[in-house]
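**Q** Fit chain B to the known structure of chain A by using the hints.
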Amino acid sequence: MGTDRRSFIKLGGTAVAGGMLLPPFLQSCQNVQISGNVKSYLDHFEVSAEMLQKVIAAAMSKGGDYADLFFEHKKSNSLGLEDGKVNRAYSNIGFGVGIRVLKGDQTGFAYSETVTPDALVNAAKLAANIANSKNGFSPVGLNEKVPAGYYNISRKWEDISVEDKVPFVQKMNDKVFALDEKVIKVNAFLSDQTSYVLFYNSEGRLTYDYRPMISFGTVCIMQKDERVENAYVARSFRRGFEWLSDGLVDELAHEAVDQANLLFEATKPKAGEMPVVMGAGGSGILLHEAIGHTFEADFNRKGTSIFSDKMGKKVAESFVNIIDDGTLENNRGSINIDDEGNDVQKTYLVKDGVLNSYIHDRISAKYYGVEPTGNGRRESFRSIPLPRMRATYMETGPHTKDDIVSNVDYGVYVDNFSNGEVKIGAGDFTFFVKSGYLIEKGKLTRPIKDINIIGNGPQALADITMVANDYRIDNGTWTCGKDGQSVPVTCGLPTVLVKKLTVGGSV
Amino acid sequence: MTKQEKYNLAKWAISHALENGAQQVSVSISNSRSSSVEVREEKIDKLEQAIQSNLSIQLFVDKKYSSHSTNRLKKEELAGFIEEAIAGTRYLSEDEFRTLPDPELYYKGNGQDLKTLDTGFDTYDPQRKIDLAFQAEKEVRGKDERIISVSASYYDGMNERVMVTSNGFEGDMANSYYGLHAQVSVKGGDARPEASWSENAIFYEKLKKAGIGQKALERALKKIGQEKVESGKMDMIVENRMISRLFGPLISALNGSAIQQKNSFLVDRLGEKVFSEKLTVTDDPFIIFGRGSRLFDGEGLATKKRLVFENGVVRNYYIDTYYGKKLKMEPTGGSNTNLVFKTGGKDLDGLVSTVEKGILVTGFNGGNCNGSTGDFSYGIEGFFIEKGQLKQPVSEMNITGNMKELWSNIGEIGNDVNENSSWLTPSVLFSGVDFSGA
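Sequence lines, in order, name chains A and B.
Counting in full-length UniProt numbering, the first sequence runs from 1 upward without gaps.
Counting in full-length UniProt numbering, the second sequence runs from 1 upward without gaps.
You may find that some hints are simply not true.
To be verified - Short, incomplete list of chain B residues facing chain A, as computed with Cβ under 7 Å:
| # | residue |
| --- | --- |
| 1 | E48 |
| 2 | Q49 |
| 3 | S185 |
| 4 | N368 |
| 5 | T400 |
Source of the hints: derived by calculation from the structure; they are not laboratory data.
Ideal Cβ positions, reconstructed from N, Cα and C, are used throughout, including at glycine.
This is chain A alone, in the form it adopts within the complex:
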């Protein structure tokens, strides 16, 4: 149910060893080979165009303004390693259709896990109840729309056996252990997911999407004397099996060991307000929390966001450009169509320092009289679409990283995070720093770890006084939570100076 928290997590720690990640194993539960046309998707879901039209008619039977059907078949497989062996596997199949009816900005929603004509019509009638008149509805045609291709892959996960995947997970373990004798435990995982989506709405739009996803990573636990520290490292993309390589294993293993090593030397900063330098990459969490969620138009439509009356106003220095993009090639946050069947864009949220666009779903786009931005997303067919981010990042600016760091007398440099959160109305946002460095007299000095940083969105945005030329997307397993729904996202940032944030630490 409604909650006032929007959380953002990187799946981390030991959670990966459990059931949280559901990646694969199962080739199929339907024997239809999918190809890139709508006919094969209809066959896959065992429905016909006529049947879809009939279900939409039932959904609209009580006078709704709009209805849509979202068919989804998601197969997830995961391999896990603990105590030196790939000794566990998990898989999950989710199959069903979500049926939504809109009346103005009101939503009726029901779903069915079976796709018989009776089950679909029954679910449609439940969703139809949001409206309560007896309007006639004339059947709509079929307007087939070929989706964009932001994540072409060559080797589908469904064609890859467990046998092919196991060696990569095993090599990760062996590599991490080989790198440092302080390593006492290693967890490793490889999770793949394949989703088929078929979409049809009362405007006649008929489209589909094939969505692959891979996440691969490790948790490294090291001990030095009595002290134990852990580091979690992973990458995630919409890519196929061809992406896995020994080089990748090497890169991740080194990163994990280096990160854990840093923690043994780490101290805590002084508690209080200070300049914060956000390192390039994962620091994009700043944008996600401080700005992204508060730009989601459902909050603004209801007047509950601190940015509700700031459209068209200057909110940052003129070299600040912030983007939410669903079109980056093979990116974890990309989608060929959004979960309302809309085309996806690269959307400027802040252009030259001015608030340029909110993040829209169909309801809010209609409310504001703008084109949908392709941000209507949902966790699965069981959920209502909401305005959600995709890949959120800032473009490069005029400064360099060295300029920025040397500018700070006492502060922190942060570049490794585990999670964040924001209060939409107050605008207070936070992010948790796994590790970073103190800055003393313009130089990075001692490592720091395990501190929370808190700030206020509009203030922090205005306080971005320097932006470097080293923009980078972080391809970790970023997952965004809102109203109980999780969706995959990414974030990115060049090195940035925020003049003042409140940093957790010792008094």
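**A** Relative to the frame of chain A, chain B by itself:
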């Protein structure tokens, strides 16, 4: 699906897996129903209905282990699903510690009725439920000119689950829930503080149905004018509904997997005094109407009442069959049920009155705890306390420290237990906490 149909399908799935090469199998089949309605501006904003089914199967094949789930429950499809899963499992490494539990430890039936299911679930008038949400909204609408937005929700649901294992366990459980939630945003300067309040119950008749909107409004209005105060070491009271954010890491640290993987700050501390002697917590699965009450756990093991912390001494690790074998310890059940605190003598106001200078925490904003070390840092909001009185609302501050120290510095445990959760938590006063602010 009826209960008998679920048992039949589970037994069929077990036979099919055994016939295709598994030596041990555990199957669990569940269905759930839920509905919710959210209202705004005297209209229904969202109406949702859901019926969901799931089968999950754990396979032990030639000392190798895997676990799978699906919502495609037709036998023809399940057969292929199980066969593929077994074939895939054969590519994994052997794991000598993987077996089903010792049948001696299974729940054997004839337990008491813990009242976790409202058998009248289908009999309540849907219109009355929608009216409850409208009622909660009405408590707020127009009551204060600073209100920007009000939404209220009613939700309910029920789950039924049957579990069967190939070495003799059969059991079923069911539970229901009903809830009301209200959320209010108000305008205060540039900020738009929001607050929510909710109540829930296992039985419809027990759901508190009035005052929810009003409580959310009061909490939102009190937040107007939030400001950070100066950094410093101060006393901290954490409200009963919020303390789980700080108590959760202690429970996670008792998890058998965290202990065995050395990813816990409580490794090798069983039987040792780690926390304040004011901390005594019992895990009690047999509370009538308890939200975490159950007769058997996720593996079928019979539950028991256990001491978790006794006067600051660690008394229990949560150990399932697998980690029990790895750690050479007896299984204690892999997860917590109801957690009951030994309470003190004061309610929240009583605790506040004892504080010379400190902060009452009424909400958290982000933050985390390092499970290996217990180092934590969280964003907070609440109220500044001076000379036993609540002063200005505060926000945009952090608390930072280590769980072992924090829970060693308990000033006092309250008596105001929150009954809306399986964790029956009171408010807690801590001394000497590092706050970072202005």
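**Q** Now, for every hint given, state plainly whether the structure supports it.
**A** Structure-based check of each hint:
The criterion of a C-beta within 7 Å of any C-beta in chain A is met by B/E48, whose closest approach is roughly 5 Å, and the hint holds. The beta carbon of B/Q49 comes within 5 Å of a beta carbon in chain A, closer than 7 Å, and the hint placing it at the interface holds. Interface restraint check for B/S185: the shortest CB-CB distance to chain A comes to about 4 Å, inside 7 Å, so the restraint holds. This hint holds: B/N368 has a C-beta 4 Å from the nearest C-beta of chain A, less than the 7 Å allowed.
Of the supplied interface hints, the one on B/T400 holds, with its beta-carbon coming within about 4 Å of a beta-carbon of chain A, less than 7 Å.
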